[in-house]
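Chemist: If you read the sequences in order, they're chains S and Y.
If you're matching positions, the first sequence starts at 102 in the working numbering and goes up one per residue.
If you're matching positions, the second sequence starts at 102 in the working numbering and goes up one per residue.
Since the hints were made in silico from the structure, they are not lab data.
Since no wrong hints were added, every one of them can be taken at face value.
Since the list gives no way to pick one copy over another, a pair counts as held whenever it fits inside one copy or between any two copies.
Within a straight-line C-alpha distance of at most 25 Å, the following computed DMTMM-like cross-link-like pairs (lysine to aspartate or glutamate) qualify:
{"hint": "1", "residue 1": "239", "residue 2": "216"}
{"hint": "2", "residue 1": "240", "residue 2": "217"}
{"hint": "3", "residue 1": "164", "residue 2": "201"}
{"hint": "4", "residue 1": "164", "residue 2": "111"}
{"hint": "5", "residue 1": "240", "residue 2": "131"}
{"hint": "6", "residue 1": "239", "residue 2": "218"}
{"hint": "7", "residue 1": "128", "residue 2": "218"}
{"hint": "8", "residue 1": "239", "residue 2": "217"}
{"hint": "9", "residue 1": "240", "residue 2": "216"}
{"hint": "10", "residue 1": "128", "residue 2": "216"}
{"hint": "11", "residue 1": "240", "residue 2": "218"}
{"hint": "12", "residue 1": "164", "residue 2": "141"}
{"hint": "13", "residue 1": "144", "residue 2": "106"}
{"hint": "14", "residue 1": "144", "residue 2": "129"}
{"hint": "15", "residue 1": "128", "residue 2": "106"}
{"hint": "16", "residue 1": "128", "residue 2": "103"}
{"hint": "17", "residue 1": "164", "residue 2": "137"}
{"hint": "18", "residue 1": "164", "residue 2": "129"}
{"hint": "19", "residue 1": "144", "residue 2": "103"}
{"hint": "20", "residue 1": "164", "residue 2": "131"}
2 protein chains.
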Amino acid sequence: MDSWERRLADAGCRITEPRRAIVRVLKEAEGPLTPDQVLEQGKAFHSTLGLVTVYRTLNLLTKLNLARLVHRRNGCHAYLLASPGHHHAVICRRCGRAIEFAGGEELNALVGRIEEETGYHIGGHLLQLFGVCPDCQKKIATGKE
Amino acid sequence: MDSWERRLADAGCRITEPRRAIVRVLKEAEGPLTPDQVLEQGKAFHSTLGLVTVYRTLNLLTKLNLARLVHRRNGCHAYLLASPGHHHAVICRRCGRAIEFAGGEELNALVGRIEEETGYHIGGHLLQLFGVCPDCQKKIATGKE
DNA sequence: CTGTAGTTGAAAATTATTTTCGATAACTAA
DNA sequence: TTAGTTATCGAAAATAATTTTCAACTACAG
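Given the sequences, and given the hints that come with them, work out the whole structure.
Modeler: This is the structure:
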């Protein structure tokens, strides 16, 4: 049994065809996908898949830390399969490819400083980085594509 | 002339009553406000204010770096008057009050490490902290409110 | 003053997301 | 296996957020 299936089962949720299809789409994706994109690609694995189920499943996966929500410029959200232990994403502005990373000591230090500076007690954060992935850097340098 | 008026004028934009009202609302606010909230409070200063103008103005201010967009759980956005030089916000989960801060060395270090780890060339980031402000900490400790 | 853009606000359109509800299917316990 | 319970599904409708359209208006340059 796949690890995500165990997590779902442990949470008292069922392993259904639609959910399998959605997780499979996320697994094969290289970058964050919007619910619409998940629906389109998911139909290949479960032809009757509906948008509502996509929304519900993405929400569920996010709540269980199996997927991560990514904020976009235009206001619509995208989702990424979570890499265990890594909680933030770098996203390529050109091709959309994403990698997750851990906040690490630097982030702890930043949070500590801000707690001192502001007196706030900090309990959570939202961090996303945007840039250009190695592949796209090459393509830009060689003028290709 | 107020600094934001100069910025608008320099950008070739006009200083209008609706805009004055919206900036005034943001100035008097302690935390990020949604377009709806800006509209309600703004009507006190310009009774015919419309929601569309609020959206347009908040967008404009954000583009000119006079306001900052804050992402929320529920998907709807809120806006904060920008403190010059500070680009990120800590937001109180209890009362909504917000303070801006600078990323500083820690954030630079983090970005540097991720560039090395991933090979991405990082050009931008989204960072927000969530926590409890000093006031609310007291209220929680004394069991008040 | 006066002309001309930039700006406004109402209504309508669009887009994102959630709710409702009868039908279906996954797991549980016999 | 075989029910039976109950989570889950998907379509349609509802809601919420945001943008577009367009005729009227007004800030500001000349």
